[in-house]
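Work the whole structure out from these sequences, hints included.
There are 2 protein chains.
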Amino acid sequence: MNMNAARGVPGKRERLVVIGGDAAGMSAASQARRLRGAGELEIVAFERGHFTSFSACGIPYWVGGDVADRDRLIARSAEEHRARDIDLRMRTEVTEIDVAGGRVRARDVDSGAESWTSYDKLVIATGARPIRPGIPGVDAPGVHGVQTLDDGQALIDTLARTRGRRAVVVGAGYIGVEMAEALINRGYEVTVVNRGSEPMSTLDPDMGRLVHRAMEGLGITMVGDAEVTKILTGEDGRVRAVATEDAEYPADVVVLGIGVRPETALARAAGLPLGSHDGLLTDLAMRVRGHENIWAGGDCVEVLDLVSGQERHIALGTHANKHGQVIGTNVAGGYATFPGVVGTAVSKVCDLEIARTGLREKDARRAGLQYVTATIESTSRAGYYPNASPMTVKMLAERRTGRLLGVQIVGREGAGKRVDIAAVALTAGMTVEQMTSLDLGYAPPFSPVWDPVLVAARKAVKAVGQPA
Amino acid sequence: MNMNAARGVPGKRERLVVIGGDAAGMSAASQARRLRGAGELEIVAFERGHFTSFSACGIPYWVGGDVADRDRLIARSAEEHRARDIDLRMRTEVTEIDVAGGRVRARDVDSGAESWTSYDKLVIATGARPIRPGIPGVDAPGVHGVQTLDDGQALIDTLARTRGRRAVVVGAGYIGVEMAEALINRGYEVTVVNRGSEPMSTLDPDMGRLVHRAMEGLGITMVGDAEVTKILTGEDGRVRAVATEDAEYPADVVVLGIGVRPETALARAAGLPLGSHDGLLTDLAMRVRGHENIWAGGDCVEVLDLVSGQERHIALGTHANKHGQVIGTNVAGGYATFPGVVGTAVSKVCDLEIARTGLREKDARRAGLQYVTATIESTSRAGYYPNASPMTVKMLAERRTGRLLGVQIVGREGAGKRVDIAAVALTAGMTVEQMTSLDLGYAPPFSPVWDPVLVAARKAVKAVGQPA
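Residue numbers (our numbering), protein chains in the order written: chain B, -3 to 464; chain U, -3 to 464.
It is worth saying that the hints were derived from the structure and are not from the lab. Any given hint might turn out to be false.
[Claimed, not checked] Simulated restraints on C-beta separations:
hint	chain 1	residue 1	chain 2	residue 2	range
1	B	35	U	307	41 to 51 Å
2	B	35	U	366	33 to 43 Å
3	U	288	B	272	53 to 63 Å
4	U	362	B	191	54 to 64 Å
[As the list claims (entries may be wrong)] Sample of chain U residues with no beta-carbon within 12 Å of chain B, all distances over it, derived:
hint	residue
5	91
6	225
7	265
8	289
9	388
[To be verified] So the derived list for chain U, only partly shown, Cβ under 7 Å to chain B, looks like this:
hint	residue
10	65
11	134
12	337
13	340
14	343
15	346
16	351
The C-beta atom is built at its ideal place from N, Cα and C for all residues, glycine as well.
This is the structure we're talking about:
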């Protein structure tokens, strides 16, 4: 059957091709299938790896032992997708998109066999690839990334074999700090080596400093302002230390947690539009700009930051799932949009909770916004209630207008998800003055009578009112 | 010195009189003092009880043993207020407001001595009084309210003296369920007798039923559809049982947790405007309607419900503190408003968390709104993460427009404060469709990849799209 012939002809069965079998791609496929039966829409999905629809965000907890086994991280298996009439081809890598011809070339990873598949509609969900520093020794046994389930399994196998108990984590962003927790939980002595002066560069440095101190309090050795220059190996070829310009840190295992970049080599080769972060550019319906029948979503796209009005790259499963939902609806002939993000993220290291939404100081400057800041300390519960834990809340507001620009929170239990209050307020374009009146849930086990976010808003109101 | 003579004369020292020394009154006094020094503004505050600025919401946790002693519930003592140049007169009850004469009559509770005090500006913060059923035996030893610190102390003294271990709580609203937890924590067998069929009438009955079952699971005996007709006493005059029309429930101690009404007898006698809930009516600056120099706040006022556009009475410390802040600012010549509430409340019974915001089904009907509902079950964390606890979220949205109308949540740890997401969305007037795109904090220890509130919003969108 030549599907090309059917393209665009009403009433004919169309073929949707999906590149990438993870959150965005398979959400799109599933949603399209929900709305259009197999008689109307054929769905072919290509996945180069061994797994579909898995939670990459869960890998640190699997490595750390909080999640008992790998399969718990798989939301929906290849078999389950196939049972819903999705022709899912595993271990099959798309090597070329022929936009003019409306077809993709795919290669069976094991056999090397290649073939073309035509499409009427195409979804690109190629995800992101971890940044690997181009330094000597980075490919040595004992050095691990944690992007895929295969990566996670390899790390777990190494941990099971390794006698030594010294681990070095390179990078102190979300992945780095979560892996630090995982290795602590596995009984390792953990050193985190970070390029910046403070961990969590998604926070302002003053808030990062709180994370720094708290992580040291958890027994983690924090090394800042340090560029890793080399991974040193022993006579057996395995990793034995991580070297910076100034020092060497002995390591029985090394985890790379430096971050990711959009996986857009295919899209670039096909001439599709990429932004300044190398992510695909789409409209709000997640259609690739200038291409009526191609959509893209998940970690391979750039998203609109609703606060700054600029494009950003954020690799996060929650966005990928939303993209997939929107794409699947549109592919099936419905209407949905992804309006953008405010940049919310939450993480934890043992009992330390870290959250942020909106703009940091440097984001605000970059966007040309003048701002004021307010930082307060409060507690998660009424001060007199047991286990009231301290938290620090930093708030940014636009000068003159008082519009909320961002919130960062560092605390313990009950701190992290409070960022949602600010995430909704940012989305709604609220001012900090408006926020002071928010009717938030109050009872002594849940909050002080003034929720910490309200305390920060009150202080920010005063800062907005000060002369410049 | 005749302060009346100074009233309204610029540059002269004015006198502010505050009736009620708790959250609203003393917040107002403190804020006014912060903005105006003692040379400009004299502040006289009358409190009929023994304590100022205490957390009534904390009493159940003090009775239950979570809070070690009474003084921890006092945010600021009388001495602390006096040190800030507030002439605070304890155990002094205002017995009359002479609006025309601009003065109040106060009586020393201990000596009975009365005197008039003139005011330039008046703040009424007389709070609420607990509802006491007018039934035989309600004043018997062993029957307790829990409105004031004196009430709490009396109950604690009774519990210390009582040998028996059977407690009956009358009423299954917030106070009732929190007192049930307190008594469980003290080792009592607890029976809750409730007029309605389900506990927590601030929820819809279908959500109340979940609370009902969960409380039974905690070992609490729940008696619904039961009107208490009599408190039975023993030969010693102490309580021995609570009687309904159908049954008797043996009780060594009885706690009344039926709710409160605005304490507005003084205001009524003075001819000040009251609403349909007997609360004082104010404008958004918290000025009593029609009275330029009288403000009112806290549990004695009615507040605007921003969702229904109707007035409500909600006795909650978080509102009282905000009212005080607004009143103090306005009294001092500044400008602040309290725009209204969306009706957020959160509570817990042992590990059960209960939250609500916005309108219940019957509120929506009463307001003339047509609505759809969506109820979903999800978990507090990613399903594969340890201690992911189930929660049920019910969402109401307006038919056709899809505007969010209300959310109710029943779950365990991590459920309650999620209501804040909906509280902010309600304040912003968001639709459930808009909510599906909210960028909420996600990581496996904090949330499934679709936060439960988003799952509910997605289901509500579908319900809005159905034909009526």
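*If you check each hint against the structure, which ones fail?*
Violated: hints 1, 10, 11 and 15.
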